[in-house]
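K.L.:
Here is what each chain is made of, one letter per residue.
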Amino acid sequence: DVKVTQSSRYLVKRTGEKVFLECVQDMDHENMFWYRQDPGLGLRLIYFSYDVKMKEKGDIPEGYSVSREKKERFSLILESASTNQTSMYLCASSNRPAGTEAFFGQGTRLTVV
Amino acid sequence: QKEVEQNSGPLSVPEGAIASLNCTYSDRGSQSFFWYRQYSGKSPELIMSIYSNGDKEDGRFTAQLNKASQYVSLLIRDSQPSDSATYLCAVNNGNNRLAFGKGNQVVVIP
Numbered sequence: 001d002v003k004v005t006q007s008s009r010y011l012v013k014r015t016g017e018k019v020f021l022e023c024v025q026d027m028d029h030e031n032m033f034w035y036r037q038d039p040g041l042g043l044r045l046i047y048f049s050y051d052v053k054m055k056e057k058g059d060i061p062e063g064y065s066v067s068r069e070k071k072e073r074f075s076l077i078l079e080s081a082s083t084n085q086t087s088m089y090l091c092a093s094s095n096r097p098a099g100t101e102a103f104f105g106q107g108t109r110l111t112v113v
Numbered sequence: 114q115k116e117v118e119q120n121s122g123p124l125s126v127p128e129g130a131i132a133s134l135n136c137t138y139s140d141r142g143s144q145s146f147f148w149y150r151q152y153s154g155k156s157p158e159l160i161m162s163i164y165s166n167g168d169k170e171d172g173r174f175t176a177q178l179n180k181a182s183q184y185v186s187l188l189i190r191d192s193q194p195s196d197s198a199t200y201l202c203a204v205n206n207g208n209n210r211l212a213f214g215k216g217n218q219v220v221v222i223p
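Order-wise, the sequence lines are chains A and B.
Each residue of the first sequence is one higher than the one before, counting from 1 in this note's numbering.
Each residue of the second sequence is one higher than the one before, counting from 114 in this note's numbering.
These are calculated hints, taken from the structure and not from any lab test.
Just so you know, not all the hints are guaranteed correct.
Result set (DSSO-like, lysine-lysine): computed pairs, CA atoms no more than 27 Å apart in a straight line [as the list claims (entries may be wrong)]:
1) 13/A / 169/B
2) 155/B / 18/A
3) 53/A / 70/A
Just so we're clear, the structure is a prediction, and the values are computed from it rather than from any experiment.
Bound-form chain A, shown alone:
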C-alpha cells in the first residue's frame, strides 16, 4: 500500500514564526503536492513537484515555499506564519504518467495564533 506520512497531525504556531511541514512517501512517486483545505473553499493547490529539485506554483503559492531535495520528501515552508494560514494542510503523491491517482497523507491541522 502507498503510504504518505505527514510529520505532524496538529500544530500550533505563533504569528511570524517560520513553519516547516514535512511529507514523506514510500512508493517512489515522481509527483508530490501540497494542498490546503478550508470550509467552503475545497482543496486548493499550493505547490507541486514533478521531480527532485523541481517545483511549480499552484493556485495559491503566496506566503509559501517548498523544498524537494530527495524524491521521497516534500516540505512546505511558511516563511512568516499569519493567522490566515490557519488551515488543514494535505500532502499527496502520485506516479507518472500524468493522470494516475493521487494518494494523500493524514493531514496537518495548523493553527496560527
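Keeping the supplied structure of chain A fixed, place chain B upon it in accordance with the hints.
P.N.:
Using the frame of chain A, we list chain B on its own:
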C-alpha cells in the same frame, strides 16, 4: 468558470437508496477523472477512477464519464450509513496536477 464544479448542496438519502453526484469540468483536454471520499476530520481516499467514456462499476459504486458534455458522475447504490461523507471530484488535464471540486456532502439516513 471554475476548473471543476460540484454544485449540489448536501444530499440526504434513505438507507438502501441510490445517491447520485455530478461534477462538470472546464478543460476539454482533461484525461483522467477521480472520485475521492472524505470522512469528517480525515484525508481524502480514492474510491473510483475513470479514463474513458461510459460507465465503470466497482461494487456499489458506478462512475460515469461523458467527455462531450464534460461531466462525470458517481452513483452509490444501496447506500449505507458508512457512505455518509464528503465526495470530491478531481480532474487531471495531463499536466501532472489534479484540480478538485469543492465536494458534495452525502448523509445516509438509517
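K.L.:
If you test the structure against every hint from before, which numbers come out violated?
P.N.:
1
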